[in-house]
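Protein chains: 2
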Amino acid sequence: MVRAGMSKLNNMKNIAIVGASGAVGREMMLCLEQRGFPLGRLRLLASARSKGREFDFRGEKIVVEELTEDSFSGVDIALFSAGGGISREFAPHAVRAGALVIDNSSAFRGDPDVPLVVPEINADALQDLARGIIANPNCTTIVTLMALAPLHRAFGLRSLVAASYQAVSGSGARGIAELKDQTKATVTGEDLRTDLYPVPIVSNVIPLIGPVEDNGYTQEEMKMEREGSKILGLPGLRASVTCVRVPVYRSHSVAVSASFEREPDVETARKVLADAPGVALKDDPANAIFPTPLDTTNGDDCLVGRLRRDHVLDNGLAFWVVGDQVRKGAALNAVQIAEHLLK
Amino acid sequence: MVRAGMSKLNNMKNIAIVGASGAVGREMMLCLEQRGFPLGRLRLLASARSKGREFDFRGEKIVVEELTEDSFSGVDIALFSAGGGISREFAPHAVRAGALVIDNSSAFRGDPDVPLVVPEINADALQDLARGIIANPNCTTIVTLMALAPLHRAFGLRSLVAASYQAVSGSGARGIAELKDQTKATVTGEDLRTDLYPVPIVSNVIPLIGPVEDNGYTQEEMKMEREGSKILGLPGLRASVTCVRVPVYRSHSVAVSASFEREPDVETARKVLADAPGVALKDDPANAIFPTPLDTTNGDDCLVGRLRRDHVLDNGLAFWVVGDQVRKGAALNAVQIAEHLLK
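Chains as they are written, first to last, in our numbering: chain U, 1 to 343; chain G, 1001 to 1343.
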């Protein structure tokens, strides 16, 4: 079912970014600019606190407007990245005004009428825009699936065990500031101050991201199973995930062990990944070639390395995947969805 | 078979530390002092480069002597922590001089005539000292097994999938210096210099520790399977491990998913771990209670948290374990072995 709004999109390309002053909002601007998005007017929307801030975009200044119910008149695509509460409150206003919403929060990801899309994996889900909302998946899930989806097509994914190494930018600007301040304190000898995280993140790792569910997993950890199932169309997917914050500024890494229906051989898997759009192999550990967070920072591709047979899982492969979670894990993926809507 | 030397130990307690000026060697001194080890003479042995250095021990200065073939006269127990080459060359001299060797390198771990011991797990292996050498296991393996061994006794371990978060002190003093220097450079704006690691470790994680084997796993990763099998007496143990260096000074963390013969329930597992010697539970994630590397630094216990059913493995449990790898992962474990030899 194609919504009425879709046809308009062929001619009109006015974009609004909700949450424009946040880390992901600003990265969305950068992606629109760098990729030459066919853009009419760009409106930057944020809370009253950010109203009046100016951002450079294609050589001109754009002033941030306060987000209200009436902000979406004339907007074709609204990119939301201001938290679930804002999305739940304002996305319906955007849709009512005729915009398509691409939402980076978790507000609508579980809604069966809202497609959850990684364009390289399931762009076909964009055919059904009944609610006028498309959800952008969780960042760690996107990075992991960028490698898992092509392997799934080749061998049939059954389940995965994963441990993440997540950057502080996943907590937004406050996460970056906290690591920066604590790092400085370790050098100057000042006292460490913890504000955002319950314990220091500098010289430490924190094995808890977000609220805990009754089953002992965090919501962040459960997203791999729930969002992965929906994106891959695999209702029975099982995932055992441990999400860990590490003192890295940007780019999430994931150590993955995956079990498949059919026996995977490593050479075929390597070819499958080398040919997958948005993925690049960096896999020659004997010559110290492997991906690290610094390699993907500000880059579009997710990098895969350490590919090998898994010693435990049936028909298993183990690998390491890294991606810039502000970019492919959030802003770039949303802009790629917008590009697909124009096709 | 009990070696002749053993009986001597009841009366004589002269100790030598080989590699005394290294991080583990110095921690061994600290453990001997803190635990009131019944010690006669302590000899500190190291390379010619460290000869003449002085260390405080129980209020007196001990001068480092150069390690030679003749260094072990009158020594009852020699604690080696100076790398595999030194152990292979000098441990036989120590044994010939009548000493029992406790070796922290990997030189003898695979030798079927050399017990590989974590005292809380398999102290009974110390009955057989035919070669006069006891091997101290790999640090990540010790930390992981401290939690896995009691669970194995309760439910019967079959296999594990693990991802590690290993501190730079695992690379010795040079690892600590590299992270310190790079951290300072990020604050002062100087250029980052990489010396020990192939890429920066500050604001980064490195998914490769040590040489790579033909199967794509590193030696460090394979130690979990090989040493774990020997320590637990489980020849068929399978382990799929990804070892990753993180910008943490001290204490290794491991995210573990383990599969058991019998169905484990989480409450029983929690009781088993709470009662296990050398293990402490820190497991109430809903109230932000979980173990981090900073919690175990300079501590004896390995801390376990995030205990939950594993969603993928048969009869599976997932958990997070952290331990000071200089201490329980190396020096403390060696001194505990020495204490057992005195019994």
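Just so you know, these hints were derived from the structure itself, not from any lab. These numbers come from a predicted model, not from an experiment. No residue lacks a Cβ here, since even glycine has one placed at the ideal position from N, Cα and C. Some clues are possibly wrong.
Said to hold, decoys possible - A short, non-exhaustive set of chain U residues, derived as facing chain G with CB atoms under 7 Å: (1) P112; (2) G216; (3) I289; (4) L294.
If any of the earlier hints don't hold here, list their numbers in rising order. 1, 3
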